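**Q** Each chain, letter by letter, is given below.
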Amino acid sequence: MAKTNAGRFFEDYKLGDVIEHAVPRTVSGGERALYHALYPARHALYSSDEFARASGLPTAPIDDLAAFHVVFGKTVPDVSLNAVANLGYAEGRWLLPVYAGDTLRATSEVIGLKQNSNGKTGVVYVRTRGLNQRDEVVMEYVRWVMVRKNNLDAPAPDPVVPELTKVLSVEDLAIPAGLDFTNYDFTLAGEAHRWGDYELGEQIDHVDGVTIEEAEHMIATRLWQNTAKVHFDATFRPDGQRLIYGGHVISMARALSFNGLANAQMIVGLNGGAHANPCFSGLTVKAWSEVLDKRETSAPGVGAIRLRLVATSGGAPFALKGEDGKYLPEVLLDLDYWALMPV
Amino acid sequence: MAKTNAGRFFEDYKLGDVIEHAVPRTVSGGERALYHALYPARHALYSSDEFARASGLPTAPIDDLAAFHVVFGKTVPDVSLNAVANLGYAEGRWLLPVYAGDTLRATSEVIGLKQNSNGKTGVVYVRTRGLNQRDEVVMEYVRWVMVRKNNLDAPAPDPVVPELTKVLSVEDLAIPAGLDFTNYDFTLAGEAHRWGDYELGEQIDHVDGVTIEEAEHMIATRLWQNTAKVHFDATFRPDGQRLIYGGHVISMARALSFNGLANAQMIVGLNGGAHANPCFSGLTVKAWSEVLDKRETSAPGVGAIRLRLVATSGGAPFALKGEDGKYLPEVLLDLDYWALMPV
Amino acid sequence: MAKTNAGRFFEDYKLGDVIEHAVPRTVSGGERALYHALYPARHALYSSDEFARASGLPTAPIDDLAAFHVVFGKTVPDVSLNAVANLGYAEGRWLLPVYAGDTLRATSEVIGLKQNSNGKTGVVYVRTRGLNQRDEVVMEYVRWVMVRKNNLDAPAPDPVVPELTKVLSVEDLAIPAGLDFTNYDFTLAGEAHRWGDYELGEQIDHVDGVTIEEAEHMIATRLWQNTAKVHFDATFRPDGQRLIYGGHVISMARALSFNGLANAQMIVGLNGGAHANPCFSGLTVKAWSEVLDKRETSAPGVGAIRLRLVATSGGAPFALKGEDGKYLPEVLLDLDYWALMPV
Numbered sequence: 001m002a003k004t005n006a007g008r009f010f011e012d013y014k015l016g017d018v019i020e021h022a023v024p025r026t027v028s029g030g031e032r033a034l035y036h037a038l039y040p041a042r043h044a045l046y047s048s049d050e051f052a053r054a055s056g057l058p059t060a061p062i063d064d065l066a067a068f069h070v071v072f073g074k075t076v077p078d079v080s081l082n083a084v085a086n087l088g089y090a091e092g093r094w095l096l097p098v099y100a101g102d103t104l105r106a107t108s109e110v111i112g113l114k115q116n117s118n119g120k121t122g123v124v125y126v127r128t129r130g131l132n133q134r135d136e137v138v139m140e141y142v143r144w145v146m147v148r149k150n151n152l153d154a155p156a157p158d159p160v161v162p163e164l165t166k167v168l169s170v171e172d173l174a175i176p177a178g179l180d181f182t183n184y185d186f187t188l189a190g191e192a193h194r195w196g197d198y199e200l201g202e203q204i205d206h207v208d209g210v211t212i213e214e215a216e217h218m219i220a221t222r223l224w225q226n227t228a229k230v231h232f233d234a235t236f237r238p239d240g241q242r243l244i245y246g247g248h249v250i251s252m253a254r255a256l257s258f259n260g261l262a263n264a265q266m267i268v269g270l271n272g273g274a275h276a277n278p279c280f281s282g283l284t285v286k287a288w289s290e291v292l293d294k295r296e297t298s299a300p301g302v303g304a305i306r307l308r309l310v311a312t313s314g315g316a317p318f319a320l321k322g323e324d325g326k327y328l329p330e331v332l333l334d335l336d337y338w339a340l341m342p343v
Numbered sequence: 001m002a003k004t005n006a007g008r009f010f011e012d013y014k015l016g017d018v019i020e021h022a023v024p025r026t027v028s029g030g031e032r033a034l035y036h037a038l039y040p041a042r043h044a045l046y047s048s049d050e051f052a053r054a055s056g057l058p059t060a061p062i063d064d065l066a067a068f069h070v071v072f073g074k075t076v077p078d079v080s081l082n083a084v085a086n087l088g089y090a091e092g093r094w095l096l097p098v099y100a101g102d103t104l105r106a107t108s109e110v111i112g113l114k115q116n117s118n119g120k121t122g123v124v125y126v127r128t129r130g131l132n133q134r135d136e137v138v139m140e141y142v143r144w145v146m147v148r149k150n151n152l153d154a155p156a157p158d159p160v161v162p163e164l165t166k167v168l169s170v171e172d173l174a175i176p177a178g179l180d181f182t183n184y185d186f187t188l189a190g191e192a193h194r195w196g197d198y199e200l201g202e203q204i205d206h207v208d209g210v211t212i213e214e215a216e217h218m219i220a221t222r223l224w225q226n227t228a229k230v231h232f233d234a235t236f237r238p239d240g241q242r243l244i245y246g247g248h249v250i251s252m253a254r255a256l257s258f259n260g261l262a263n264a265q266m267i268v269g270l271n272g273g274a275h276a277n278p279c280f281s282g283l284t285v286k287a288w289s290e291v292l293d294k295r296e297t298s299a300p301g302v303g304a305i306r307l308r309l310v311a312t313s314g315g316a317p318f319a320l321k322g323e324d325g326k327y328l329p330e331v332l333l334d335l336d337y338w339a340l341m342p343v
Numbered sequence: 001m002a003k004t005n006a007g008r009f010f011e012d013y014k015l016g017d018v019i020e021h022a023v024p025r026t027v028s029g030g031e032r033a034l035y036h037a038l039y040p041a042r043h044a045l046y047s048s049d050e051f052a053r054a055s056g057l058p059t060a061p062i063d064d065l066a067a068f069h070v071v072f073g074k075t076v077p078d079v080s081l082n083a084v085a086n087l088g089y090a091e092g093r094w095l096l097p098v099y100a101g102d103t104l105r106a107t108s109e110v111i112g113l114k115q116n117s118n119g120k121t122g123v124v125y126v127r128t129r130g131l132n133q134r135d136e137v138v139m140e141y142v143r144w145v146m147v148r149k150n151n152l153d154a155p156a157p158d159p160v161v162p163e164l165t166k167v168l169s170v171e172d173l174a175i176p177a178g179l180d181f182t183n184y185d186f187t188l189a190g191e192a193h194r195w196g197d198y199e200l201g202e203q204i205d206h207v208d209g210v211t212i213e214e215a216e217h218m219i220a221t222r223l224w225q226n227t228a229k230v231h232f233d234a235t236f237r238p239d240g241q242r243l244i245y246g247g248h249v250i251s252m253a254r255a256l257s258f259n260g261l262a263n264a265q266m267i268v269g270l271n272g273g274a275h276a277n278p279c280f281s282g283l284t285v286k287a288w289s290e291v292l293d294k295r296e297t298s299a300p301g302v303g304a305i306r307l308r309l310v311a312t313s314g315g316a317p318f319a320l321k322g323e324d325g326k327y328l329p330e331v332l333l334d335l336d337y338w339a340l341m342p343v
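These protein sequences, in sequence, are chains R, B and G.
The numbering of the first sequence is full-length UniProt numbering, which starts it at 1 and goes up by one.
The numbering of the second sequence is full-length UniProt numbering, which starts it at 1 and goes up by one.
The numbering of the third sequence is full-length UniProt numbering, which starts it at 1 and goes up by one.
In isolation and in its complexed conformation, chain R is listed as follows:
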């Protein structure tokens, strides 16, 4: 056992530590094709080099969430191997598009620690950064997870809970250099609805559904080199089921949201997110969205829209929480993000 990675326990994290995560990954057209094969992803900017060029980018980037998954996957062996729960996300920002040929690696800084009162677990806050081969930060986000203690006698650290921005302001968002939607082709993009057509509070039922298969979520999760045992080993859980990587649900819901939000092209900010209930093979994922905010940006023809994206495994659209204030059992995901749209 000495040579294998047992993962870090709560007492192994020190405030201010910067963890360099292993196994850099070069992405190619192969990752792009697989992403589009595993999710019904159709946003034109990520599907067509020509559409991307007409929007001021050199070529189509790797899907924004694929970049997120690559970065996230690298953190798993160091951050969440002994995690009891993935508690939240904040301050997620996509800073640079990732292109085929780029090599990504990741680092995480421990920005908060708080032992739970039971003395058996604690909450670890990390700010994770994804970097490319030029050491440019391509994305960053804060995640906090509940982690088991291995040595229950280890002293509790001074509790530090970072102050996190609940909602990124539009000024916090990084718009890719050169992005220009003034000549945006709505026909090629798939829908006529522009930024100006969406109203605050508007809700959209994305209608389509995808039934989850074991082979698909495992292929996806491995592609991101996510090593969490529960996603792959049917003998790990007493009920014999594999727990599906939360990011698989995020990508599925985002892809489904094309139908109604085809022009919400680029995700640039992640304000928060909750994996409300676990997802398992056999469930059929559907999605609905709600417009939370709209802001102008300085880029030509580009508006920012803040969206709630909810993934469910059934039930009526737009139902989120019960009278007890808790997520309904069919709600899988409640995500709050900023996207860029043509105005």
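I should point out that these hints are in silico values taken from the structure, not numbers from a laboratory.
Any given hint could turn out to be false.
Non-contacting residues of chain R with respect to chain B, defined by C-beta distances greater than 10 Å in every case (computed) [as the list claims (entries may be wrong)]: (1) 14; (2) 17; (3) 36; (4) 87; (5) 88; (6) 96; (7) 166; (8) 174; (9) 193; (10) 239; (11) 280; (12) 299; (13) 326; (14) 334.
The calculated lysine to aspartate or glutamate pairs, modelled on EDC-like cross-linking and capped at a C-alpha distance of 20 Å, are [to be verified]: (15) R:3 x G:324; (16) G:3 x B:136; (17) G:3 x B:205; (18) R:229 x G:191.
According to the in silico footprint, chain G covers these stretches of chain R (three or more CB under 8 Å from chain G) [as the list claims (entries may be wrong)]: (19) 100-113; (20) 213-226.
The structure presented is a predicted model; accordingly, all values stated were derived computationally and were not measured.
All C-beta atoms in this analysis are idealised placements derived from N, C-alpha and C, irrespective of residue type, glycine included.
Put chains B and G on the given structure of chain R with help from the hints.
**A** For chains B and G alone, kept in the frame of chain R given last:
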């Protein structure tokens, strides 16, 4: 619901309309690898850049049927979302090879309309064209589908049924510029049988079978950005089964036909095709072929062969229809196509 | 049936014959991405172009075992279509890295023949070579299989059993030109354990497990253009199960061995291997390793380590054979290979 695409109903089509389909797609080595992972595709011209160069092409193209699927997939949101049945294909021509790096988009022209006597549905005929980033037509085909009316009171259009060529003549076929089979390497291609070795009426049992998995047909169908709900959502049909995209069966049967037709390298014409019975996960697809015609071409060393390709889910090879003239229940596909072979 | 490949029977092999296998294959970033999606492969040299360059290679090669599978797959139609059993491997050497853009083909020389005393089968020994587009041998290995006779009256050939090296010496191993681990980044590679940290006889339980899915092993096996019916056709075996390609288990076990052997970067020699028991969908594959030997090499910072890699479907780690000297029923694979590590 206002923002999502409800699809077009019969009364929404007007004769002469040209529909520009959404979401152009750049293909890469990723799509090529996935095609070869999802189907037992082995035709050497599409597997090896070196073999393609020895045949006069600059590099190996994307498989002919992969190009078809990309084009077809784009038409689904506009043509077949409310289709009751996919009735037929005609006049399919592959006009230019598609290479990694090409970006495909599609248009469909409404060339026929005929309301059914029940007043609830009608038949729509479209000629679909796939175009690359240079606006060159890479392929075209006619498809007709039965589509529901939404407004039953909408007046029936003047019936127009296009005259379609039952069988493309060899002069209608486009042979890729430079294609030359005079130095064809039969050993590398996998079989010794040349064009001259096949006889009119000859039937070939392709022997091999592949059992269909949900994950595989969904990965394939998504890769082509085909959005038809029935392929992905197990809750959509009362029996809980996902209907498999007909093109998945076409590609599976074509790939299986390598064993006996390894040298029928390039599909260049689609005379017609019927999805005789629906295909579902768990069935084992087998295939047989029949030589319908043979023609010389003007390209060096290249002959054209017209083949019937039949996919089945069991039963005896070469059985197609019952005494009632209807397809046997185990017949999934009856396809009529032209391919190019070394003479 | 005349046109399809019935495969070779024992009497069809002649000593000294060189079989040129069909269907050359160009590999790309697509094959690389798929390999990393199908197996939890994380060895940094194959994951990151930057890491590969820092190690003296021009870019990240295709995974060593992926190259093996491509070569192996080509041999199946000629060598093992009528095989009763895959008996063993020897003298496997990876001679040149394979890069995206390379085109691989394969040849096999018949180096041994021995009819079995029952007169119905015989053992065929072949030395298979994989070649790239410059006709350079990228890898070679000896394999022997038991093959059925078709014509039981065919005379038995003079028995020739080749003398095979049981264990390749370190001098037999080909180290890629330029490979240099002197600036090896252990943090990016994922583990701190260097060549010097492993002891002869040391055993490592790789802890993680992956449950096998039909869709995944079929996608993998097709990607290598392996045509053996038993892997794809559920109607082929009386029990309705698909037998999983032994190479799928090899790749799965090797990828799982990252956890404990992250720095055993490159496989360069295959001393031997046995598929101890068949693998089927639903089993959960785990792996353990044992250090069999360690040798210095002439390349800067590079040591060679000889490892036993055992894949199981359960049971206790490090258990291999019963008191009867036979493999335990849960042992799937017993592989003996050389890898290169930073010293």
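**Q** Would you mind marking each hint as holding or not holding in the structure?
**A** Right, here's what the structure says about each hint:
Listed as a non-interface residue, residue 14 of chain R keeps its Cβ farther than 10 Å from every Cβ of chain B; the least gap is roughly 41 Å. Non-interface call for residue 17 of chain R relative to chain B: holds, since the shortest CB-CB distance, roughly 37 Å, exceeds 10 Å. Annotated as non-interface, residue 36 of chain R brings its C-beta within 10 Å of a C-beta of chain B; the closest such distance is 6 Å. Its beta-carbon lying about 31 Å from the closest one in chain B, residue 87 of chain R satisfies the requirement of being farther than 10 Å from that chain.
For residue 88 of chain R, the non-interface assignment is confirmed: its Cβ lies about 29 Å from the closest Cβ of chain B, beyond the 10 Å cut-off. Residue placement check: residue 96 of chain R keeps its beta carbon more than 10 Å from all beta carbons of chain B (closest about 20 Å). No beta-carbon of chain B is positioned within 10 Å of the beta-carbon of residue 166 of chain R; the least distance is around 27 Å. Distance check for residue 174 of chain R against chain B: the nearest CB is about 24 Å away, which clears 10 Å, and the non-interface claim stands.
Distance check for residue 193 of chain R against chain B: the nearest CB is about 6 Å away, which does not clear 10 Å, and the non-interface claim fails. A cut-off of 10 Å between C-beta atoms confirms that residue 239 of chain R is not in contact with chain B; the least separation is 20 Å. Consistency note on residue 280 of chain R: stated as away from chain B, and its beta-carbon is indeed over 10 Å from all of that chain's, at 14 Å minimum. Even its closest Cβ contact with chain B, about 22 Å, leaves residue 299 of chain R beyond 10 Å, as expected for a residue assigned away from the interface.
Residue placement check: residue 326 of chain R keeps its beta carbon more than 10 Å from all beta carbons of chain B (closest about 25 Å). Interface exclusion of residue 334 of chain R from chain B stands, the closest Cβ pair being 20 Å apart, more than 10 Å. Note on residue 3 of chain R and residue 324 of chain G: the hinted pairing is violated, with a Cα-Cα distance of about 32 Å set against a maximum of 20 Å. Of the supplied pair hints, the one linking residue 3 of chain G and residue 136 of chain B is violated, its CA atoms being roughly 38 Å apart against a limit of 20 Å.
With a C-alpha separation of about 9 Å, the suggested pair residue 3 of chain G and residue 205 of chain B falls inside the 20 Å cut-off, and the hint holds. Between residue 229 of chain R and residue 191 of chain G, the direct Cα distance comes to roughly 18 Å. Compliance with the 20 Å bound is thereby established for this hinted pair. Taking a C-beta to C-beta cut-off of 8 Å, the segment 100-113 of chain R contributes 4 residues in contact with chain G, enough for the three needed, and the coverage statement holds. Only when three residues or more bring their CB closer than 8 Å to a CB of chain G does the claim for the segment 213-226 of chain R stand; here the count is 10, and the claim holds.
Going through the hint list in order, the structure does not satisfy hints 3, 9, 15, 16.
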